[in-house]
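**Q** Each chain is listed here by its residues.
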Amino acid sequence: MKFLPMLPFLLGTSALAGQVHVSEKGHAYNPHWSPDGQWIAFELNRFGDAVDLYVVKVSSGNAAVPVKVVIPGTTSSFSGRGSVVAHPVWHPEGTVIFEGSNAGGTQRLYYWAPGGQSAAELLTSAQIGGDLTWPSLSADGTTLAFVSDSAGSGDLFLWSQNTNTISDTFTSPDAEAAPRFAADGKTLAFSRKNRGTEDLFLYQGGEVKPLKGGNGDQTRPMWVDDQVVYFTNERGEGHWDIAVTDSAGAQRTILAREVRLPMRAGPAITPDGRSVVYTMSDPEQGDRLMVTTLDGTKTVEVPTGLVACGEPDLVGAGGKVYAAFTALPNATDDPNSASDFRQLHILDVTGKLP
Amino acid sequence: MSPSARILALAALLITSPVYAGEVEDAEHIRLTEEMRRLSKRNAWKGVEAAYIELEVLRDKREVPLTYEDYWLGAQSARAMGDINAVYRRLKLAAKTDGTREVIEWLSDLDGNYGQVDIVSRKKEDVTLAPAAMPFAPDQRAAIEAAQAQVVAEGKYQGLLPKGDYSFGPEALTVVAGGDLVELVLVDERPSKEEREPFELAYIGPRATIGPAFTAAGEPSTVSWEADGFQPHGFSGAGARLGVGLEAGLGEKLGVLAEVGYHGGFGSAVSDEDLNASAGSPYELAARKLNTGYGWLAGELRLGRLWLNAGPIWSVGSAYTSDIPAAGEGAPCVNCVVAARGTIMAAGGAGGAAFALTDIGNLSGALSLLGGAQSDGSRLYTWGQLGFTLAPASPKSE
Chain A
13 MKFLPMLPFL
23 LGTSALAGQV
33 HVSEKGHAYN
43 PHWSPDGQWI
53 AFELNRFGDA
63 VDLYVVKVSS
73 GNAAVPVKVV
83 IPGTTSSFSG
93 RGSVVAHPVW
103 HPEGTVIFEG
113 SNAGGTQRLY
123 YWAPGGQSAA
133 ELLTSAQIGG
143 DLTWPSLSAD
153 GTTLAFVSDS
163 AGSGDLFLWS
173 QNTNTISDTF
183 TSPDAEAAPR
193 FAADGKTLAF
203 SRKNRGTEDL
213 FLYQGGEVKP
223 LKGGNGDQTR
233 PMWVDDQVVY
243 FTNERGEGHW
253 DIAVTDSAGA
263 QRTILAREVR
273 LPMRAGPAIT
283 PDGRSVVYTM
293 SDPEQGDRLM
303 VTTLDGTKTV
313 EVPTGLVACG
323 EPDLVGAGGK
333 VYAAFTALPN
343 ATDDPNSASD
353 FRQLHILDVT
363 GKLP
Chain B
555 MSPSARILAL
565 AALLITSPVY
575 AGEVEDAEHI
585 RLTEEMRRLS
595 KRNAWKGVEA
605 AYIELEVLRD
615 KREVPLTYED
625 YWLGAQSARA
635 MGDINAVYRR
645 LKLAAKTDGT
655 REVIEWLSDL
665 DGNYGQVDIV
675 SRKKEDVTLA
685 PAAMPFAPDQ
695 RAAIEAAQAQ
705 VVAEGKYQGL
715 LPKGDYSFGP
725 EALTVVAGGD
735 LVELVLVDER
745 PSKEEREPFE
755 LAYIGPRATI
765 GPAFTAAGEP
775 STVSWEADGF
785 QPHGFSGAGA
795 RLGVGLEAGL
805 GEKLGVLAEV
815 GYHGGFGSAV
825 SDEDLNASAG
835 SPYELAARKL
845 NTGYGWLAGE
855 LRLGRLWLNA
865 GPIWSVGSAY
875 TSDIPAAGEG
885 APCVNCVVAA
895 RGTIMAAGGA
905 GGAAFALTDI
915 GNLSGALSLL
925 GGAQSDGSRL
935 YTWGQLGFTL
945 APASPKSE
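Which chain is which? The protein sequence lines are A and B, in order.
Per the working numbering, the first sequence starts with residue 13, numbered consecutively.
Per the working numbering, the second sequence starts with residue 555, numbered consecutively.
Since the hints were made in silico from the structure, they are not lab data.
Only a predicted model underlies this, so the values are computations on that prediction, with no experimental measurement involved.
We put the beta carbon where it would ideally sit given N, CA and C, even for glycine.
Some clues are possibly wrong.
Claimed, not checked - Some chain B residues judged to face chain A by a derived CB distance under 10 angstroms, without partners named:
| id | residue |
| --- | --- |
| 1 | Arg592 |
| 2 | Gln630 |
| 3 | Val641 |
| 4 | Ser662 |
Please take these sequences and the hints and turn them into a complete structure.
**A** Here it is as structure tokens:
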């Protein structure tokens, strides 16, 4: 009889999301769904000197055993320490593209297909030198935008699948980052270090146009139709908000305040393109996913039963909507877990979005 | 030391020393594996490939067994070089050494994305291999580019190609992953018997040539006045040639002709001075004469108004000559005039050039310069003719 009053409490607070188990110790970050919703690529920060990339198969929201993606020189058979393998983006055909470097080496772009061959360099140093970062694909996957420091502080380059050629976009003395293709596959939104802070720009028709500046950083743009959703800390360092603007930069709306800034990702967008998904920086509100419509009229909270939630990414698959995110177990409810590491979780959020 | 120099040095070591895998070979194996490992971390795949080839020499000549890691890195270097067939071979060897998940997955990936082709072009003109769309995966692009390069260099490619649609010269082919071998041989098209247009002569018509000629009968190999074998001294004289025949054009430029005719030469009689000097005249004395009939077959090349022809000729006829034999030539008299009459059969070649001046109906009139050389086995007969030729006109060009 003493057990019965406890039941509603356990049901109401235990973890609602499925956990992806990784045997190696480290914090999970930056999950990215494949377009078909069958795979998630995510990073495992092992601290010290290494970041690993894992890919896990997901069926109906249930994860299989993650597979570690290794770059040449660090295979699982003769692994070397100190490699950084991170920042995955998915090609429409199911290949994951990511940054990778061995200890002391340059950061290059690699590709790997689940269940396929070993990872290999996507662009050779003969094609373009320097550190290559911030990969971003057009919707049809035929054009890759990335940043290379081969010419200085980091410029945007475009690689064409059809011609296997690389073209630079423009030259600037400033560092560019976080390029994102619009639906037309030609227009890019990106951020640029501008007098110590980041501002948003568009690369359109061979020209660079300012999109959104202001106090603090405006960064990591994401396109939703002709709108750009991005993070801004215009209210001061450590105070991140999510804003949306039109492609002319004329209208700007703050959608959410005091959000948790992901490690590398831009704002997460729901599969229907109507809402942005985020988590809160306030630890008291770290147990939920927040979803706000892009017109700012409605916000819903999706409880997870976990704490310190962050890094959300959503996909639609099989008529359902799944969220992948990282979180710590709720030690109060689950003292046996006693995990110090953020783990990847998958949550079915079908019907819970505005 | 360059990779090629190292290979040569290693080959020299292997040739000059007995075949067994010992400490030296093991040490070299370790060094090469370490080098491959180090270079692979920098994506320096050319260097990895060179080291792997050295390892293969060690394996084949010194029976040094390669490890899974050797084959694994070798497969990756071959991939970077675009040699997908070597990738497959090395992965198979790696799988035999240790069937790890990663090597099995890679082999499965190749089976799921590549198909075997055997394409050859025997066409005269160059052909290219082109995919309908370049794939995204760099290894697939590299494999296609390597195959394209081989097609350009050798006109053929045999091995793996990424699945998809291609064009090979004018033909299309579809490579199915893991499917049957796709074989395609390109040859120059020849129309079928039914498709071929019936042969038609470009032109055909009578041919005639007439004009003055000069003929020279050379010195015989041996001068003889024997009754059963007259071979008098050489002689020459002006005359005429007249021939009629048929000429046909096999094409606009190439034709054949057949001609029969008369070839005559007339020289002066023995001079009065020689006649007076002679003691008698047991033979008829008359002017030197050559009367032959000939048959000539020739091919003709027509370059606009200029016609060039050449072919075999055969002549038969008679000759009459008179001479004052020298002492020791076996003549029936000394210091006398000897006349000789005999038959001639001589074969050889004749040819020349003609320049068409005018058209006369379906015929063209041309100024021709002909010449020939014939032999009867004892002497050479050479001749030349300046003539006027009537022959079928060339077809008018569109």
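**Q** Compare the structure with each hint and give your call.
**A** Here's how the hints hold up against the structure:
no.	hint	in the structure
1	Arg592	8 angstroms, holds
2	Gln630	6 angstroms, holds
3	Val641	8 angstroms, holds
4	Ser662	7 angstroms, holds
Going through the hint list in order, the structure satisfies each hint without exception.
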